[in-house]
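Build the full structure now, drawing on both the sequences and the hints.
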Amino acid sequence: MSRPDAIVVGGGIVGAACARELAMAGLGVTLVEAEFVGGGATAAGMGHIVVMDDSPPQFGLTALSRALLDELAPALPAAVERDRCGTLWVAEDEDQLVAARLKAAAYGDAKVEASVVDGAELPRLEPGLRPGLAGGLLVPGDGVVYPPALARWLAEDARRLGAAIREGEPVTALDGRSVMTARGRIDAALVVNAAGAAAPILTHGLPIVPRRGHLVITDRHPGFCRHQVLELGYLKSAHSSTGASVAFNVQPRMTGQVLIGSSRELVGWNRTPNRALLGRMLRRAADFMPALAGLSAIRSWIGFRPATPDNLPLIGPSSRIDGLWIAAGHEGLGITTALGTARLLGDLILGRAPSLDPVPFTPDRSGEPAAAVHA
Amino acid sequence: MSDASVLETDVAIVGAGPAGIAAAVAARAEGARTLLLDSAPRPGGQIWRHRDPAQLPASGRRWIERLSGSGAEWIHSANAIDLPAPGVLIAEREGRAFTIRWRSLVIATGATERLLPFPGWTLPNVFGVGGLQALLKAGASVAARRVIVAGSGPLLLPVASSLAAAGATIRLVAEQAPALRVYRFAGALWSDPVRLAQAARYRAGFRRARYRCGTWIVRVDPVGSALSVTLTDGRRIWTDRTDLVAVGYGLVPDVRLARLAGCSIASGCVAVDRSQRTSVPSVFCAGEPTGIAGADSAVAQGRLAGAAAAGARRTGGAASRARRFAARLDRAFALRPDLRALPDPATIVCRCEDVSLGEIGEGWSARQIKLYTRAGMGPCQGRVCQPALEFLRRTGADAVRLPLFPAPVGLLADHANRDEGDS
Amino acid sequence: MPELVEFTVDGVTCRAAPGTSLAAAMLDAGVTAFRRSRTGEPRGPVCGMGICFECRVAIDGIAHRRACLEPVRAGMTVRTGE
Ligand SMILES: Cc1cc2nc3c(=O)[nH]c(=O)nc-3n(C[C@H](O)[C@H](O)[C@H](O)COP(=O)(O)OP(=O)(O)OC[C@H]3O[C@@H](n4cnc5c(N)ncnc54)[C@H](O)[C@@H]3O)c2cc1C
Ligand SMILES: Cc1cc2nc3c(=O)[nH]c(=O)nc-3n(C[C@H](O)[C@H](O)[C@H](O)COP(=O)(O)OP(=O)(O)OC[C@H]3O[C@@H](n4cnc5c(N)ncnc54)[C@H](O)[C@@H]3O)c2cc1C
Chain S
1 MSRPDAIVVG GGIVGAACAR ELAMAGLGVT LVEAEFVGGG ATAAGMGHIV VMDDSPPQFG
61 LTALSRALLD ELAPALPAAV ERDRCGTLWV AEDEDQLVAA RLKAAAYGDA KVEASVVDGA
121 ELPRLEPGLR PGLAGGLLVP GDGVVYPPAL ARWLAEDARR LGAAIREGEP VTALDGRSVM
181 TARGRIDAAL VVNAAGAAAP ILTHGLPIVP RRGHLVITDR HPGFCRHQVL ELGYLKSAHS
241 STGASVAFNV QPRMTGQVLI GSSRELVGWN RTPNRALLGR MLRRAADFMP ALAGLSAIRS
301 WIGFRPATPD NLPLIGPSSR IDGLWIAAGH EGLGITTALG TARLLGDLIL GRAPSLDPVP
361 FTPDRSGEPA AAVHA
Chain E
1 MSDASVLETD VAIVGAGPAG IAAAVAARAE GARTLLLDSA PRPGGQIWRH RDPAQLPASG
61 RRWIERLSGS GAEWIHSANA IDLPAPGVLI AEREGRAFTI RWRSLVIATG ATERLLPFPG
121 WTLPNVFGVG GLQALLKAGA SVAARRVIVA GSGPLLLPVA SSLAAAGATI RLVAEQAPAL
181 RVYRFAGALW SDPVRLAQAA RYRAGFRRAR YRCGTWIVRV DPVGSALSVT LTDGRRIWTD
241 RTDLVAVGYG LVPDVRLARL AGCSIASGCV AVDRSQRTSV PSVFCAGEPT GIAGADSAVA
301 QGRLAGAAAA GARRTGGAAS RARRFAARLD RAFALRPDLR ALPDPATIVC RCEDVSLGEI
361 GEGWSARQIK LYTRAGMGPC QGRVCQPALE FLRRTGADAV RLPLFPAPVG LLADHANRDE
421 GDS
Chain U
1 MPELVEFTVD GVTCRAAPGT SLAAAMLDAG VTAFRRSRTG EPRGPVCGMG ICFECRVAID
61 GIAHRRACLE PVRAGMTVRT GE
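Protein chains in written order, with my numbering: chain S, 1 to 375; chain E, 1 to 423; chain U, 1 to 82.
These aren't lab readings, by the way, just hints derived from the structure by calculation. Some hints here could point you the wrong way.
Covered stretches of chain E, going by a simulated chain S footprint (3 or more residues, C-beta under 8 Å) [said to hold, decoys possible]:
#1 144-153
#2 362-368
#3 378-387
Far from chain S, some chain U residues (derived; all Cβ distances over 10 Å) [as the list claims (entries may be wrong)]:
#4 G30
#5 G40
#6 I62
#7 A63
Note that this is a predicted model, so its numbers are computed, not measured. Beta carbons: idealized from backbone N, C-alpha and C, even for Gly.
Right, dumping it as structure tokens:
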């Protein structure tokens with residue numbers, strides 16, 4: 001096999017998108033995945049494609065990413081289950097409705113369509129919501145995908161563009177010029193660490209820890225809800241960096257199923273479900289949508305979000321290891337932000353004008369290893 | 001939730017087939033408080049569950065009578081869905097949860113039928129072999145209906161015989177295993193007079209029908225309200241008309257609850273010692289989950305398990321005999337490779353999600369198949385397609401996830417609530 | 001002969017002996033398609049024991065009930081094809 005220009009380590013949605021972006025630019029790319037493409041955090045994610053305004057860089061990255069997915073949409077196979085169902089952020093009280101108004105203004109400034117919904121209109125949009133809610137914010141351009149299928153398509157597209165996809169091959173060590181696997185050494189001009197929450201195992205000191213989440217899926221109950229519906233308090237949960245938290249987050253699948261989230265806790269790689277937290281999560285959901293309690297739940301699972309201290313992913317060159325690039329740490333937004341990440345990384349690697357300000361995403365911005373932050 | 005939804009017992013038994021019933025009776029005999037639960041509305045499991053108890057074999061009737069006289073608490077129509085902590089079992093009944101606190105748990109969850117895909121296997125009126133039998137026992141009428149019974153294993157004969165007794169016309173019993181192996185297996189039954197007498201009785205039940213070894217169904221097509229069945233013996237291909245088809249390829253131990261409990265599993269069976277103890281403290285297992293060995297073995301194991309679970313020091317060779325029998329069965333009725341060629345790329349493999357074989361790549365793991373195609377993601381959670389894929393694609397078993405059976409969202413919310421209060 | 005219980009399937013009145021499972025009673029009433037699969041195929045009971053989930057119907061308005069595990073009850077209203 002000829003020597004690739006770039007090796008991407010990790011075939012989650014982020015690695016698959018990066019491999020495709022670099023292959024599109026004409027680089028010879030080899031993607032190396034320990035298990036199979038899309039089987040990591042990507043397989044556990046809800047697949048909500050959402051513009052998030054919790055910080056200006058996040059806003060920019062999510063908006064860019066969503067636009068890139070819109071461009072791809074016509075090419076995507078049905079298995080990706082893309083549904084532009086929109087997001088409905090629900091305000092419980094007047095304070096939250098005020099926050100929704102501020103958000104609407106910010107979205108408007110950034111040319112992202114969003115509108116405030118009052119309490120009377122809410123039941124027309126989502127009849128299952130409990131009465132008496134204050135209103136909400138509707139973001140019609142958001143949507144839903146089935147993450148493992150999108151990751152797989154991105155990797156397949158990279159392959160069509162000439163990339164080599166090597167699955168079932170764990171990387172044991174890497175630097176900026178080569179990676180070691182059980183099958184031997186691969187050399188290249190540059191290496192991208194896109195191993196998600198496992199990235200720090202291969203590049204010590206990256207401030208990424210697994211933040212665990214539970215999800216529950218129901219049997220088919222078509223028409224139960226029409227939008228991805230979240231509480232405006234979601235961001236509080238997403239940002240709580242220590243204690244366990246839950247938020248109301250419900251999604252209609254194209255299959256007619258309802259996917260229910262979400263929980264967050266820092267318990268390392270522990271795979272034993274936390275029934276108490278799962279119960280809290282479901283009660284929170286049923287509190288907003290009482291009829292959820294009667295739906296038939298067929299399965300629950302857990303996943304590990306690759307979390308960083310400031311909730312922004314690490315995208316860019318390592319300052320310590322020449323030739324090494326990082327694309328990891330996307331916490332609960334990696335399905336959304338994979339395409340924007342790949343575009344920005346490509347810009348930086350190829351010396352193109354960056355599509356976003358890269359500074360907030362600089363991998364070494366914290367300087368401190370994650371353990372010090374999350375201990 | 002009211003307190004009535006928490007039940008306390010010494011011995012909790014999941015599964016009310018021969019193993020679970022015998023375990024309940026044995027545990028009661030030792031004086032232990034005993035609770036037995038099953039998804040089905042009546043006790044008896046796959047073999048002794050009958051709408052009309054008069055139809056049961058004498059031994060089954062006797063055991064069910066013993067159960068009702070034993071003082072064990074019997075909870076019907078309840079699915080065990082979670083084991084959140086040692087000593088705690090969560091069950092769902094009519095959409096509501098209840099908690100059972102136990103000192104010992106006996107897993108007696110039995111087996112499920114292995115169904116293999118072929119063109120037409122998803123048509124209405126194509127059943128499992130155990131499946132059609134279960135429906136018959138539940139009151140379905142087969143009088144004057146033509147039936148082809150096919151597949152593999154010792155279940156074929158008794159089912160054909162009971163269908164015939166209920167007035168069905170058995171067109172053919174097609175066993176895929178070659179005659180030599182089947183008769184050698186039957187010959188070995190000389191060492192077991194009870195089983196031999198059974199076999200003779202079954203055969204007499206449909207004397208005019210043919211029992212053909214080395215024969216299997218290739219496809220089934222609808223013709224009006226009847227079915228056209230294409231069969232082969234590997235040399236010749238022919239078709240036959242029938243109303244119903246019963247086709248199943250043996251049984252697979254149901255080890256899901258045992259897996260959830262964390263019991264060690266060896267080649268698909270729960271590992272137990274001479275007291276039916278599993279690798280997990282205070283958790284016992286009896287019957288088909290330890291290996292497919294039939295009702296008598298299940299009873300023997302159930303007695304040991306029930307007594308041991310109640311604290312009696314009781315050991316026996318039932319489990320190792322069962323393992324030996326299961327191994328003989330596996331050899332005699334080993335599935336022929338030809339069966340792997342039956343499904344074409346358009347044949348559905350996962351019936352819940354309508355995933356066809358052509359969508360599944362060679363060499364994919366069970367988890368990869370699930371994530372890429374949705375096979376195994378539906379309500380049956382792979383209970384049908386996983387054993388099929390293990391045969392077709394040599395995949396392993398996928399992880400067991402909560403809940404073990406579908407349950408209302410509100411129930412999961414509540415039962416977790418109580419755990420939190422306890423801790 | 002015990003008295004038969006009456007129930008309805010998609011509005012049509014059916015009868016069965018008490019203790020019969022709903023799946024068995026529906027088969028006897030000539031119903032073969034209990035549900036429609038994802039791609040629209042008609043499906044009916046297969047395993048008879050609550051494992052395959054092919055016999056799912058709506059019973060008294062509650063979706064996704066396994067007909068093989070429900071004894072038929074007087075007045076039950078059953079909807080197929082979900
Ligand atoms: C419960 C939950 C809900 C979520 N919901 C959403 C949502 O609605 N919207 C959204 O945008 N995001 C969501 N996310 C977040 C999203 O799933 C992740 O941010 C995203 O999948 C991260 O992608 P990744 O490619 O970085 O990581 P992964 O998908 O984990 O990929 C990393 C890959 O690297 C491989 N790897 C690891 N080590 C090695 C090695 N040594 N050698 C080779 N390969 C290796 C792994 O096998 C894996 O395939 C959710 C996450 C969770 C857990
Ligand atoms: C949008 C979406 C919709 C979905 N819809 C459905 C649905 O309708 N029905 C359904 O059933 N599922 C559905 N899923 C399910 C879901 O894909 C899986 O259950 C999910 O992949 C979570 O898997 P899991 O890791 O919890 O467990 P599994 O995928 O079941 O497997 C766990 C894996 O972890 C591995 N593992 C265990 N311990 C370790 C360790 N220490 N280190 C490394 N690996 C380990 C095991 O080998 C195993 O492969 C959906 C998922 C998504 C994203």
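Take the region 362-368 of chain E, compare each residue's beta carbon with every beta carbon of chain S, and decide whether three or more fall closer than 8 Å.
With 4 residues closer than 8 Å to chain S, the region 362-368 of chain E meets the three-residue bar; holds.
Does U:G30 sit more than 10 Å from chain S, CB to CB?
The claim stands: U:G30 keeps its Cβ more than 10 Å from every Cβ of chain S (closest is about 26 Å).
Please check whether the region 144-153 of chain E has three or more residues whose CB lies within less than 8 Å of a CB on chain S.
Check failed, 0 qualifying residues.
Please settle this one: U:G40 was flagged as non-interface, so is its CB more than 10 Å from every CB on chain S?
13 Å, holds
Should the label of U:A63 as a non-interface residue stand, given a Cβ cut-off of 10 Å to chain S?
U:A63 is in fact no farther than 10 Å from some Cβ atom of chain S, at 7 Å.
Distance rule for U:I62, whose beta carbon must clear each one in chain S by more than 10 Å
8 Å, violated
Coverage of the region 378-387 of chain E by chain S (three or more Cβ within 8 Å):
It holds: at least three residues are needed, and the region 378-387 of chain E offers 3 whose Cβ sits within less than 8 Å of chain S.
When the structure is compared with the earlier hints, violations turn up for hints 1, 6, 7 and for no others.
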